[in-house]
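Taking UniProt numbering, the leading residue of the sequence shown gets 1, the next gets one more, and so forth.
It is possible that part of the hints are untrue.
What the hints assert, rightly or not - Simulated DEER-style distance windows between Cβ atoms:
#, residue 1, residue 2, range
1, Thr96, Tyr124, 14 to 22 Å
2, Ala22, Thr84, 18 to 26 Å
3, Asp38, Gly107, 30 to 38 Å
4, Asp113, Asn74, 23 to 31 Å
5, Ile77, Pro116, 31 to 39 Å
6, Asp87, Gly16, 31 to 39 Å
Treat the hints as calculated values from the structure; they're not laboratory data. All C-beta atoms in this analysis are idealised placements derived from N, C-alpha and C, irrespective of residue type, glycine included.
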Amino acid sequence: MTGDEMPDTEQTAQPGQLSIEATATDGIRLLTLAGEIDNDTGGTLRQALDVTTQQPRLVLDLRQVTFMDSTGINILIAVHRTVTAADGWLRLAAPTDSVMRTLQIVGVDTLIDCYPTVRHALSY
């Protein structure tokens, strides 16, 4: 595997749950999320993102996220502010159509860069 390839991890979460797999590559922290991001699972996501000031370059792989409500939106905005203040960035990779629509409705896609694939998010 070359440096620009990412392992293809397949995870599935039970309905109403969120699973998170964290890896790092070239100083970029990659979180692969699967499941739903809502009031019930927001704490899990917040906890996983709590160390972002140590590695302020962060990509969230959203290709397996099936639902996101205002809890997820608020977490993304807070993390974006935190990493930006630490001279870093947050990028969203491969959001599903339903998640992308939510991001667009509230305008988060104009605040946080969204990429079609993890590879794109890591390389730009």
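Going down the list of hints, with the structure as the test:
| no. | hint | verdict |
| --- | --- | --- |
| 1 | Thr96 - Tyr124: 14 to 22 Å | holds, 20 Å |
| 2 | Ala22 - Thr84: 18 to 26 Å | holds, 20 Å |
| 3 | Asp38 - Gly107: 30 to 38 Å | violated, 20 Å |
| 4 | Asp113 - Asn74: 23 to 31 Å | violated, 18 Å |
| 5 | Ile77 - Pro116: 31 to 39 Å | violated, 22 Å |
| 6 | Asp87 - Gly16: 31 to 39 Å | holds, 36 Å |
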